[in-house]
Amino acid sequence: MRALLLKLEPVIWLLFGQGILIGTMLLTPFIAVVGLLVPLGIVDAEALSYDRAHAIATAWLFGVIPIGQLLLAALLVLPLWKGAHHVRSLLIDFGGGERDGAVGSLLYAIALIGSILGVMAVLAL
Amino acid sequence: MAGPSHSESMAPPKPGRTRTAPPQMPSSWWGEKRIRTYLLFDATGILYFLIGFQAIRLTNALAAGPAAWKAAIESLSSPLYIAFHLLCLVSVVFVAVRFFRLFPKAQPPSIGPLKPPPRPVIHGMLYVVWIGITFGLGGILAGVFF
Chain V
340 MRALLLKLEP VIWLLFGQGI LIGTMLLTPF IAVVGLLVPL GIVDAEALSY DRAHAIATAW
400 LFGVIPIGQL LLAALLVLPL WKGAHHVRSL LIDFGGGERD GAVGSLLYAI ALIGSILGVM
460 AVLAL
Chain Z
998 MAGPSHSESM APPKPGRTRT APPQMPSSWW GEKRIRTYLL FDATGILYFL IGFQAIRLTN
1058 ALAAGPAAWK AAIESLSSPL YIAFHLLCLV SVVFVAVRFF RLFPKAQPPS IGPLKPPPRP
1118 VIHGMLYVVW IGITFGLGGI LAGVFF
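These protein sequence lines map, in sequence, to chains V and Z. All residue numbers for the first sequence refer to the working numbering, where the first residue is 340 and numbers rise by one. All residue numbers for the second sequence refer to the working numbering, where the first residue is 998 and numbers rise by one.
Simulated from the structure, these hints should not be mistaken for laboratory data. It should be emphasised that the depicted structure is a prediction, and the values quoted were computed from it without experimental measurement. Just so you know, even glycine gets a beta-carbon here, dropped at the ideal spot from N, CA and C. Heads up, some of the hints might be wrong.
As the list claims (entries may be wrong) - List time: in silico SDA-like cross-link candidates among lysine to any residue, alpha-carbon distance up to 20 Å:
| hint | chain 1 | residue 1 | chain 2 | residue 2 |
| --- | --- | --- | --- | --- |
| 1 | V | K346 | V | L445 |
| 2 | Z | K1067 | V | L376 |
| 3 | Z | K1067 | V | L345 |
| 4 | Z | K1112 | Z | M1122 |
| 5 | Z | K1067 | V | K346 |
| 6 | Z | K1030 | Z | F1096 |
| 7 | Z | K1030 | V | F433 |
| 8 | Z | K1102 | V | D432 |
| 9 | Z | K1030 | V | K346 |
| 10 | Z | K1102 | Z | V1126 |
| 11 | Z | K1067 | V | F433 |
| 12 | Z | K1030 | V | D432 |
What the hints assert, rightly or not - The following residues of chain V were derived to be distant from chain Z, with all beta-carbon distances above 10 Å:
| hint | residue |
| --- | --- |
| 13 | P378 |
| 14 | A386 |
| 15 | D439 |
| 16 | L445 |
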């Protein structure tokens, strides 16, 4: 298991790094508006009406780039890889590295399944 | 959680006449300030996992139609979700501030003939992009633009 994880490390680190960088940058406005400002009534709920939310999520840039779906896919997928890698690191710190192969594989498998579910959800829009 | 930590790492090449105890992790290792911050940085991974799946749930609701979307958005008003999202927002800001400070230090001295900008410039650029995306995308989501 560990040998496989070492082979996949460049891909895992790419997704993990982008999870911190791009994931964090996209999560900040998402959590602020969708998770807090609208539920608290500070922003009118009409801003996230179905028609408006769907239009934002399926917006196109210059008619050729599906910018809404691309950003949404990044928002759904990348934080999962940041989460998997950092939870793995946390478990090594507290529990040692003996079971790292199995634990790391399980965490990345969850991130992979979540990524597939996320991309499917975006494509279903 | 005291225990032997790489007990052979400090061993001399030849055993000496005086026996020494193997090095031990102090039981309060996780409470040291620098380690604690590092562990908190890692622990934000749990929230990133959860908010990622939360975003997938919302997207599935959007794909399912107006009734499912309305129900999903209304569910976010629950105090538990508000507290969760508040914790997530604090975590995301913490990750950004810490990571943006580390990012310039992790850059290679040069990539081929190109040299990266000075560290304070990279640091500042990250903040400009982050604040720009936060207000730009946040403004779109909140209905300020478009």
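Quick rundown of the hints versus the structure:
1. Proposed proximity of V:K346 and V:L445 is supported: the alpha carbons are some 16 Å apart, at most 20 Å.
2. The suggested pairing of Z:K1067 with V:L376 holds, with an alpha-carbon distance near 16 Å, which does not exceed 20 Å.
3. For the hint linking Z:K1067 to V:L345, the alpha-carbon distance of about 44 Å lies beyond 20 Å, and the restraint is violated.
4. Taking the CA atoms of Z:K1112 and Z:M1122, the gap is about 16 Å. The hint holds against a cut of 20 Å.
5. With a C-alpha separation of about 44 Å, the suggested pair Z:K1067 and V:K346 falls outside the 20 Å cut-off, and the hint is violated.
6. Using a Cα cut-off of 20 Å, the hinted pair Z:K1030 and Z:F1096 holds, with the two alpha carbons roughly 17 Å apart.
7. The straight-line distance between the Cα atoms of Z:K1030 and V:F433 is roughly 16 Å, inside the 20 Å bound, and the hint therefore holds.
8. For the hint linking Z:K1102 to V:D432, the alpha-carbon distance of about 24 Å lies beyond 20 Å, and the restraint is violated.
9. Distance check on the hinted pair: Z:K1030 and V:K346 sit about 34 Å apart at the alpha-carbon level, beyond 20 Å; violated.
10. Restraint check: the Cα-Cα separation between Z:K1102 and Z:V1126 comes to about 18 Å, which is no more than 20 Å; the hinted pair holds.
11. With a CA separation close to 41 Å, the supplied pair Z:K1067 and V:F433 exceeds the 20 Å bound.
12. About 15 Å separates the Cα atoms of Z:K1030 and V:D432, which keeps this hinted pair within 20 Å; it holds.
13. Residue placement check: V:P378 does not keep its beta carbon more than 10 Å from all beta carbons of chain Z (closest about 4 Å).
14. With a least beta-carbon separation of about 3 Å from chain Z, V:A386 fails to lie farther than 10 Å from that chain, contradicting its non-interface assignment.
15. At roughly 14 Å from the closest C-beta of chain Z, the C-beta of V:D439 stays outside 10 Å, upholding its exclusion from the interface.
16. Non-interface call for V:L445 relative to chain Z: holds, since the shortest CB-CB distance, roughly 12 Å, exceeds 10 Å.
Hints 3, 5, 8, 9, 11, 13 and 14 from the earlier list are contradicted by this structure; the remaining hints agree with it.
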